[in-house]
Every structure is written in structure tokens, then in C-alpha cells.
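Student: Below, each chain spelled out in residue letters.
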Amino acid sequence: MTLLLQILLAFGTLSLLAIGGANAVLPEMHRLVVEVHGWMDDATFTQLFALAQAAPGPNILAASVMGWHIAGPAGLAMATIGMLVPAAILAWGMAGLTHRLRGNTWLKPAQFGLVPVAVGLIAASGVIMANAAGTGWITVGIIAASTAFVWRTKYSPLWVLAGGGALGLVLL
Amino acid sequence: MTLAAAENDRERPGNAALFLAYLQIGLTGFGGVNAWARQLLVEKRGWMTEQEYAETLGVAQVLPGPNAINCAIGVGVRFGGGFGALACSIGLLAGPMALLAVIASLYDAYGQLPLVRAVLTGIAAAAAGMVLGTAVKMVDRLRPTLPLITVGITALVLALLRVPLPFVVLGLAPFGLLAAWQVLRR
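Chains as they are written, first to last, in my numbering: chain A, 1 to 172; chain B, 1001 to 1186.
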């Protein structure tokens, strides 16, 4: 199987499972990209994901950046198509039903019931990223400070990323 | 004036207008796209009411995949069918994709330079904290019941044990639904 096809399939399997956005599929993305296929190491995975968070647009485009890193522009195309198209087709099919779904009695439990799963997966993402990024006491300090900042304040998380980059430049 | 008349009075955007609106949303939407989309579609352009946008977003949030893209597809289908959906989603993604292609190629070219590595290591650590903080904040806000907490912790542990995601999601969804149904029934 060619590399491009492997990229398409790897991200394609993630598409319909992304119930909590990019942060919730990160553990599976990490499992496939780093552990199963060995396309990049822990540090590169974490940095590329962080860069996608810092850029505008949906965070799921982390898949595109990783695709580029694995196989250049064609890799970017394959990862993006795999990640977006299956979910997009489903969304298209469901869009016509919006009016009929309104006030539907199962919509609320469906929305609410997947939340704990998504939160658990987001927490797992945080642990995996912290594990990869926390290489010394300075980085562990940055992780702790940014966790507290995002939890306790209402400012945009972009300040955290900028602050982390600045601290890295000065201290590391 | 009846509701139907109000609906007719409102401007119905064409595909080009949808594309341009979403191009703008994609390029300005740092962090969260949905807040920007709501502001432009509801407040500035008046293409949708608050209620219509909330309903479209509500369905987008239940579906798998990024909410912002699902929502763009919902908006596109509403005004322009399949081509409207294409106009909105491509508009939303074009700007960020171009920028990310530049970032990815810069990373490949300069990512190993010591100075760049130091900055990237700092950003990665901050992003790790950002994701952790998001999870903590969500738990804090939701004030979940014991069954909901159990489902969440099980998802966390299974993901860390590297259990493939399909098994985690499909295996835990029934329990999540049950726990949610129990809360909503009260």
C-alpha cells in the first residue's frame, strides 16, 4: 500500500469519530501517526499539533500539517480529505433534517451523553501532550501555568501559546 | 407581519456571498470559529436569526467532525444546497489551509534550528497545558454526576491505554446516553 493511501486511510478512520473536535481525536491520531506507523516522533507530533492550535481556522487542520510533514503537499491533501470528507458528507445529509430534528426528544441526551466521553478524551490528549512536552522543569512549569490560566481566566488561550513561545525563547 | 413574510423579506445570500463570508470567518476565526460565524451571519449580515443559527449549530455539535465545518455545511445547504455547502466549507478552509501549508513548509525547513526549537518547545508545552486546562474547565462547569464522571474517566483511561478510538466511542456511548438520560429526567 502506498504511503499516500495509508495517510488517507489513517485520517479517514478518524473523521467520523471526531465527536469532540480535534482535541478529542488527538489520542487516536497520536496512536496511529506515532505508534502504529512511526511517521514522526513524540516531540514533532506535539509541536505540529501546537502550531495548528496557534493558527486560525478549525484545529482539526492539525491533520493537514501532519500530512505535509509526512509526505509534502500530496500528504497534506490526503490527510485533509481523509479527515474532512466523511464527516462532511454526513453533515450534508443531516443538514436537511435540521428542522425536523428541532426539539426532538433524543437530540438533547445524544448531545449531552457524548460530552463525558469527549471530556475524557480531551483529558487524555492533555496527558499525552504533557508527557511529550514536559521534558524538564521549565516545560513542566509552562504546562502547569497554562493549565491554570486556561482553567481560571477568560482570556483567549492564544495568550498562553504566545507566552509559552516567548518563555521558550528566553529560557530554553 | 407574519413569520413567513419576515422570512421572505430577509436577504438570501448567493453562493459567491456565502463563500466570501466564510472566507472572512476562516481568516479571522482565531481560537473559536463559531463565535465569529454567529456575529457575521446573525448580527452583521442578518441572513439568519439567532434561533436559526443556534439550531444549525446544535445539530453540528451532535455530528462527528469539527463543529465549525459541520455548521458551515448546514448554513450552505440551507441557502444554496450542495453547491452552497461547498462554497461555505471551501471558503472556511481556504485561508487557514494556505497559511498552514506555509507554516508546515517553514517547520520542515527551519524546525531543527536551536532557536526555533526552543520557541516550539515552549509553544508545545503551553498547548499541552491549554488542552489540560480545557478538560478541567469543562468538568468544573458541567458539575457531572457520578455515572457521568465514571464514563469520562473510563474514556480517559482507555485512551491512555491506547485502545483504538472506535471501541472507546462506540463502547462508552450507550453508558453516556444512559447517564445523560438519568440526569435530564430529573
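Treat the hints with care, since some could be wrong.
Restricting the straight-line Cα-Cα distance to at most 30 Å, the calculated cross-link-like pairs of lysine-lysine (DSBU-like) are [unchecked claim]:
1) B:K1044 <-> A:K154
2) A:K154 <-> B:K1137
3) A:K108 <-> B:K1137
4) A:K154 <-> A:K108
Because the hints were derived from the structure by calculation, they are not lab data.
If you're wondering where the values come from, they're calculated on a predicted model, not measured in any experiment.
Student: Just pull the numbers of the violated hints for me, sorted ascending.
Tutor: none
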